[in-house]
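Input sequences plus hints: build the corresponding full structure.
Quick note on our numbering: the sequence shown kicks off at -10 and runs consecutively.
There's no promise every hint is true.
Okay, derived cross-link-like pairs now, EDC-like style, lysine to aspartate or glutamate, Cα gap no bigger than 16 Å in a straight line [claimed, not checked]:
1) 180 to 238
2) 180 to 200
3) -9 to 238
If you anchor each label on the Cβ, the simulated ranges turn out as follows [unchecked claim]:
4) 238 to 172: 55 to 61 Å
5) 40 to 131: 27 to 33 Å
6) 148 to 8: 33 to 39 Å
7) 15 to 140: 29 to 35 Å
8) 15 to 207: 37 to 43 Å
9) 218 to 96: 17 to 23 Å
10) 52 to 4: 28 to 34 Å
11) 164 to 238: 37 to 43 Å
12) 52 to 177: 51 to 57 Å
13) 20 to 206: 35 to 41 Å
14) 40 to 239: 41 to 47 Å
Bear in mind the hints are in silico, worked out from the structure with no lab data behind them.
By construction, the Cβ of each residue, glycine as well, lies at the ideal position given by its N, Cα and C atoms.
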Amino acid sequence: MKQGILICGHGSRDKAGVTHFKILVEKLQQRYPDRIVDYGFLEFAHPVYAAAVERMYQQGVRHITALPAILFAGGHAKNDIPFEMNSLQQQYPDLTITMASHLGITGPLLQLTRWLIENAEATAPASPRAESCLLVVGRGTNDPDANSDVAKLTRMLWEGMGFGFATTAYIGVTQPLLQDAFPLMEKLPFKRVVVLPVFLFTGVLLKRIYEQVAAQQMLSPDKEYIAAEPLGSHEWLLQAIGIRIAEAESGHPNMNCQLCKYRTQIVGFEADQGKEQIGHHLSVKGILFEEEEKPGDKKGIFSSVKKVLGI
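Here you go:
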């Protein structure tokens, strides 16, 4: 029986983000030559999961380990991707689909984020880290469990790397938003702010982070803002993925459910406990979007700068 690994991406309206995701898949194909490694997207890109599963099935795969290429367990990892896999499982009676856990915080991920921060610091004159502030920026979801993992990553990097101060912000959905964090950065005595976007690849939201950081730098010539690169397809990320695949194949793909709002009554989210697991991307699944801005088009950047400047 052939074994398969399905890398479940979210999809992006940014073609470069999709391209970088495919590079990760190619590296995983090289890493697992004895498996059929394929990929699919939840929205905004092709192929959708159903097409990838059909392709793997036609190659003789009868057991698929489905890995959500999602950093933190919000609605996509807890709800949308499992719903898609459950639906596909019903279409293939002789096919077994095993869900792996989302990537989450692992030793390799911590090593990778440290390396990215160090690379960002190396682009500027040397400065004591105790005199710098770390600003970790997550995607932001409506699940407090997922948002708290971003804050946990911030704390671990703060203590592990010796920053003078660290805090967390998000680019959407929840608070504090990145723009909400800038006034705090300006009031703190640190001359350098290292911004770590916790994203796998480039995309619309990551570009928005860089635009907002650049705009804030224009407003704050006396403070230095340094932004790190996304996680990409580094060896440490491949190791983190390997951990989740091994857990799933050994029968222990455990997700942290103790504070999941769908299982436990969480303060402010009591109505979500016990909700039916139904994906909410059915209306946009498989729909393609063009990039928001063409190469060389600065309109999107300037509009973001104007928004920050209030003009």
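Against the structure, the hints come out as follows:
1. Proposed proximity of residue 180 and residue 238 is contradicted: the alpha carbons are some 48 Å apart, above 16 Å.
2. At roughly 20 Å between alpha-carbon atoms, residue 180 and residue 200 are farther apart than 16 Å, so this suggested pair is violated.
3. A threshold of 16 Å between alpha carbons decides the hint, and for residue -9 with residue 238 the separation of about 14 Å falls inside it, so the pair holds.
4. Distance hint check for residue 238 and residue 172: the Cβ-Cβ separation is about 48 Å, which falls outside the suggested range of 55 to 61 Å.
5. Distance hint check for residue 40 and residue 131: the Cβ-Cβ separation is about 29 Å, which falls inside the suggested range of 27 to 33 Å.
6. A hinted range of 33 to 39 Å for the beta carbons of residue 148 and residue 8 is consistent with their spacing of about 36 Å.
7. For the pair residue 15 and residue 140, the beta carbons lie near 33 Å from each other, so the given range of 29 to 35 Å is met.
8. Distance hint check for residue 15 and residue 207: the Cβ-Cβ separation is about 38 Å, which falls inside the suggested range of 37 to 43 Å.
9. A C-beta distance of roughly 20 Å is found between residue 218 and residue 96, which places it inside the suggested range of 17 to 23 Å.
10. Taking the beta carbon of each, residue 52 and residue 4 are about 32 Å apart, inside 28 to 34 Å as hinted.
11. At roughly 39 Å, the beta-carbon separation of residue 164 and residue 238 lies within the given 37 to 43 Å, and the hint holds.
12. In this structure the hint that residue 52 and residue 177 lie 51 to 57 Å apart at CB holds, the actual value being about 52 Å.
13. Taking 35 to 41 Å as the suggested C-beta distance range, the pair residue 20 and residue 206 conforms, at roughly 38 Å.
14. For the hinted restraint 41 to 47 Å between residue 40 and residue 239, the CB-CB distance of approximately 29 Å leaves it violated.
In summary, the structure is inconsistent with hints 1, 2, 4 and 14 from the numbered list given earlier, while agreeing with the others.
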